[in-house]
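Colleague: Residues per chain, in single letters:
2 protein chains.
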Amino acid sequence: MTIDPTRLAPMANAIRALAMDAVQAANSGHPGMPMGMADVATVLWTNFLRHDPADPAWPDRDRFVLSAGHGSMLIYALLHLTGYARPTIDDIRNFRQLGSPCAGHPENFELAGVECTTGPLGQGLAMAVGMAIAERHLNATFGADLVDHRTWVVAGDGCLMEGINHEAIGLAGHLKLAGLNVLWDDNRITIDGPTSLSTSEDIPARYRASGWHVVACDGHDHADIARAIDEALADPRPSLIACRTIIGKGAPNKQGSHEVHGAALGADEIAAARVALGWTAPPFEIPADIAAYWHLAGRQGQGAHAAWRERLAASDKAASFTAQMAGELPPLNGFADYLAKIASDQPTVATRKASENTLQALTADVPAMIGGSADLTGSNNTKTSSTKPLIAQDYSGRYLYYGIREFGMAAAMNGMALHGGVIPYGGTFLVFSDYCRNAIRMSALQRARVIYVMTHDSIGLGEDGPTHQPIEHVASLRAMPGLTVFRPADAVETAECWQLALKNANGPSLLALTRQNLPAQRSEAGENLSARGAYRLVAAKAPRKAILVATGSEVALAIDVAEALEAQGFGADVVSMPSWEMFEAQDATYRHDVLPAETLRVSIEAGTTFGWERYTMPHGLRIGIDSYGASAPAKDLFAHFGFTVEAIVPEILAKLAS
Amino acid sequence: MTIDPTRLAPMANAIRALAMDAVQAANSGHPGMPMGMADVATVLWTNFLRHDPADPAWPDRDRFVLSAGHGSMLIYALLHLTGYARPTIDDIRNFRQLGSPCAGHPENFELAGVECTTGPLGQGLAMAVGMAIAERHLNATFGADLVDHRTWVVAGDGCLMEGINHEAIGLAGHLKLAGLNVLWDDNRITIDGPTSLSTSEDIPARYRASGWHVVACDGHDHADIARAIDEALADPRPSLIACRTIIGKGAPNKQGSHEVHGAALGADEIAAARVALGWTAPPFEIPADIAAYWHLAGRQGQGAHAAWRERLAASDKAASFTAQMAGELPPLNGFADYLAKIASDQPTVATRKASENTLQALTADVPAMIGGSADLTGSNNTKTSSTKPLIAQDYSGRYLYYGIREFGMAAAMNGMALHGGVIPYGGTFLVFSDYCRNAIRMSALQRARVIYVMTHDSIGLGEDGPTHQPIEHVASLRAMPGLTVFRPADAVETAECWQLALKNANGPSLLALTRQNLPAQRSEAGENLSARGAYRLVAAKAPRKAILVATGSEVALAIDVAEALEAQGFGADVVSMPSWEMFEAQDATYRHDVLPAETLRVSIEAGTTFGWERYTMPHGLRIGIDSYGASAPAKDLFAHFGFTVEAIVPEILAKLAS
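These protein sequences, in sequence, are chains U and L.
Each step along the first sequence adds one to the number in our numbering, with nothing skipped, and position 448 is 448.
Each step along the second sequence adds one to the number in our numbering, with nothing skipped, and position 83 is 83.
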């Protein structure tokens, strides 16, 4: 401990002052949490956190996650005080204003040092679990010389009450992630009032039941905080450090109540707090001696960083480590062979199985890929021979049995991707994308390279019935900004879409895959046609009267419909459209060539028609399902819902006649 | 106990035989759970469950929830064997076939006796929490003479591992729901294999930490099962009854492994099981003596039912109880007065506040309404003076502090609505509809009268930034079949939409409401114009060149845009469209009148443009946001994202000129 312990109190008060002043200036924000956790954060950032403000991207830095993201001023103050280039004091003055990197909630794409975007409660901690998994895996792969760091989380009651917390800590406890330490802001206040309004839970007992070590401390006693953290570090389990705090500590009249949670304190209370804290500096000014101590704290990691650089330079794994951390892909040679083979073989295969076959090649080519499933391994077909289980006894594995934890899985994958060095993919049934929907959104918002393998993508799953049959899911995922959705039609398209997903380094991808077998549509694999988003799979032979736009399992049906139309003298193109997003990115000439304006357009997709007016025009025809499904064998359902040549052809002919 | 205990074993084997045979006939389904839990279910349904197969709608029946819905053959067998009119043995023969009420997962809309639709894991148990809340509330309101029953749940490891389980049991423990008893099928097998693949949790300890009583038993020892249930009933807390079972018990070669979870056993194994169980009857036949015992078990509740009918007949609350259980609404007199007043007052008010004002009237008019919020009471404005807290010490209250448990709240509301006698509404931020999305879907699939109060419905929430700003949410909820989405524009529309939501007895409604103030648009309240879904709020004065279709907070902007266009000689209608679903239900004449085909249409909505081609046509104009938001004051954001007269008018003029 190089910082004089008697200096910690004024250092913590610097956080409090910045939090009060920034929230007051914005007249918006959450002062209570930063003020309440200022002491804990000060002890952590002066004594334990290993980082180097001069290089926020140092791969072996500790990860610090502010899961209680509403208390964003805590991390802005810490980054500023320890000497990160941003936020500057002007950034903090502009807290919550357009253009300031000091957003209402911390955003990883705005500030280096913010490891992940938080605010949606519970997900920060769950992402930290993913970071800790990535750390252990890379440690097992590249050795402790290159990777050996910790993951720290500050979490509030909200993070712990959310359902995802159960999933996250269950996974972390099972995997024995000793490097994960959660500092729980135990202030017993939520937005609605005291926690006793809504919960009677014994949180430490629950964490112990999930395989965690638990230690408590007085969150305003610096020595006690340090003692508790030391105890946590000595334990071989992940640790919950229960920090008993007073929310808004330092605001003499409002502290300890929910009034201090989410609103500016007001000028009077701030004045009173300045007196109570003995803080005489003007707003947004830090006395030089306190600033110096904070900068000293910020420089403490330089030695470790320099030593690490030396170890890296000396390591025979330096090149592969650096490339993997940078997210570079090795040559996809096995994949290329596989693609050539299936283009030639033209297998009839479910796209979930085609995905497995693709993964078999890709996971052999790309050691950074870590797969998994939320307890549907044999259904999602996510496991390959290259991906041995990643378990507590062997972190070098590359396959995670996430358990029945869809939301926890998705958030963990976000954390893994943001940690860097690994490319996570994971599966569940498409309908249960609902369970992890906000984490998918957070993948997109954070620009995280996460690949969702969502199988059983329509009524084609059959007997399990409407609870398991996606209807609105593909559309509602297409509506999500920043997510690329793929619904491939056969084995070649599945491989192409996987390749595109893997190359999509700055955002998530989602593959919607069938349970049921589909015939091959493609016999060449030269150009990745799926990269166009949509392409003319079959051109009309008779004069073109209709364009059938289909995705996934309905492409084969569209071809049959087109043949039936051709037999009656009506020419019909079939357009396969595996990805709306990629089609939208094409130039107008290409889009117009695929979808010329003058022709009747018919969409065929076994899901909601919602949104298809974009391509069919409102006066076109949309073959879809705008109700819930039913329980029956798949072929009966397709017939029942009108997905047959017999049902569709007359609709098209009637439309053409009208 | 009127059933000879020695008969329980063959009675349980009847369940096993039906499960084996039905899954085999369908060649699809899950035999493992029904066979594993056959003994527990037999003890429960012969000795404890109070019901009357002759009247599945008896309000004071016990509720039985098969949370592990994939084991649907368990409940189909029980309903059939105890004498419910359906399923017949032919229904069971047609398990998982189109038209059979014996769907892959139990569906409340297919079979009386199925209290709720299950399959999405964890939600059955969470709905049962809502049922138990409704029961305690109605007990406190109408007395134990009319309402005093229990809620039973059969749940598997999946239900317990899902995040929602944490939320559900936390709420149940906090509310001390003694009548709730969960029979946990502790078979230590999941789809991927042994539970030890993915979890190391001490489940009993976790439940105890959440305020539950826990008792264990041998799930194949009938006396031990009865002992454990007796112990649970004696405890004043909700109870977890851990039933140690062997999955697929009775299938001699496959039991105890995940192979028996989700596939037919096959003819050989079924033959072997018949030998092992001593079951000689042909498929789908129940020996007469065993059938007779089951029917005897089914008649055991008749006496209690008759006594209850007598108590109801003698009760001075009979009429109000019956009406409330039937979901009838009393006259909305206070609401009518309120509506007339605001039409006259024309307040400038946020629609979340207008919602509160509406609720103030409605909750006084309608005693069945039970409100709540997931810890955002003061933000969602869901609390009224009529709705005192519903707490463990006073179940007569009508306001639930759900805690930071969005998914648990939504599922609990489904359970409350399906229990009957209460009309639940609950709030969170619209962006966090993601957290409870599948429960919203389950409201729709189950046709449950649940009202979602989703506030902070756009970038208009301002500084909290993109994690809190809905973009794709309104569209993605519109895409969900069976859900009615409302986005009202002012106080009158908010009141109208609330009225429509309340009258929507057979499905869920969702109100998307603003944080920010909005001016009044409407000064009359004669006809409920929102019931039309969309209507011409302002007609063009100059010759009509454009139709501006706006929702919610953008209606005021549309009016300003229209005025600016009129000032330049371009006539523009303004159409307010609070509900797509209700507009779609109008006849073609009305829809054509509001949106005549020949005019340029412009949608203005502060969310994704996804789907708006339906009304604007692809060649129309869509003013929206197809990226994530940002952190800044609301007015800065609206300007930044182009929601100003200055930005929109030139776009329209350019379009008109092209």
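It cannot be assumed that every hint is accurate.
[What the hints assert, rightly or not] Output of the computed footprint for chain U on chain L, the stretches with three or more beta carbons under 8 Å from beta carbons of chain U: (1) 157–164; (2) 281–294; (3) 297–304; (4) 395–403; (5) 502–511; (6) 633–644.
[Claimed, not checked] Once the Cα atoms are required to be at most 25 Å apart in a straight line, the calculated SDA-like pairs of lysine to any residue come out as: (7) L:K655 x U:M617; (8) L:K635 x U:D90; (9) U:K655 x L:K353; (10) U:K655 x L:N94; (11) U:K176 x L:S196; (12) L:K388 x U:G193; (13) L:K176 x U:I203; (14) U:K635 x L:G262; (15) L:K353 x U:M617; (16) L:K388 x U:K655; (17) U:K503 x L:D626.
[Unchecked claim] Label-pair distances were calculated between CB atoms; the ranges are: (18) U:A539 x L:A57: 55 to 65 Å; (19) U:P283 x L:R188: 56 to 66 Å; (20) L:K635 x U:P283: 20 to 30 Å.
I should point out that these hints are in silico values taken from the structure, not numbers from a laboratory.
Cβ coordinates follow ideal geometry from the N, Cα and C atoms, glycine included.
Colleague: Would the hint linking K655 of chain L and M617 of chain U be met if the CA-CA limit is 25 Å?
Modeller: holds, 18 Å
Colleague: Between the alpha carbons of K503 of chain U and D626 of chain L, is the straight-line distance 25 Å or under?
Modeller: Holds, because 23 Å separates the two Cα atoms, which is no more than 25 Å.
Colleague: Does D90 of chain U lie within 25 Å of K635 of chain L when you go C-alpha to C-alpha?
Modeller: holds, 22 Å
Colleague: Taking 20 to 30 Å as the stated bounds, is the beta-carbon spacing between K635 of chain L and P283 of chain U within them?
Modeller: This hint holds: roughly 24 Å between Cβ atoms.
Colleague: Three or more residues of the stretch 502–511 of chain L near chain U by CB distance under 8 Å?
Modeller: It is violated: at least three residues are needed, and the stretch 502–511 of chain L offers just 0 whose Cβ sits closer than 8 Å to chain U.
Colleague: How about the stretch 395–403 of chain L: do at least three of its residues have a C-beta closer than 8 Å to a C-beta of chain U?
Modeller: holds (count 3)
Colleague: Just to make sure I understand the rule, a stretch counts as covered if three or more of its residues have a C-beta closer than 8 Å to a C-beta of the chain. Does the stretch 157–164 of chain L meet that for chain U?
Modeller: Three-residue rule met by the stretch 157–164 of chain L, so holds; n is 6.
Colleague: Can you tell me if the stretch 633–644 of chain L counts as covered by chain U, using C-beta to C-beta distances under 8 Å and a minimum of three residues?
Modeller: Holds: 4 residues of the stretch 633–644 of chain L have a Cβ under 8 Å from chain U.
Colleague: Mind checking, does the stretch 281–294 of chain L have 3 or more residues with a CB under 8 Å from chain U?
Modeller: Violated: only 0 residues of the stretch 281–294 of chain L have a Cβ under 8 Å from chain U.
Colleague: Going straight from one Cα to the other, do K388 of chain L and G193 of chain U come out at no more than 25 Å?
Modeller: Distance of about 15 Å is within 25 Å: holds.
Colleague: Check the hint pairing K176 of chain U with S196 of chain L against an upper bound of 25 Å on the C-alpha distance.
Modeller: Distance ~13 Å between K176 of chain U and S196 of chain L Cα, so the pair holds.
Colleague: Can the suggested window of 55 to 65 Å be confirmed for the beta-carbon pair A539 of chain U and A57 of chain L?
Modeller: Cβ of A539 of chain U to Cβ of A57 of chain L: about 59 Å, so the range 55 to 65 Å holds.
The earlier numbered hints that this structure contradicts are 2, 3, 5, 9, 10, 15, 16.
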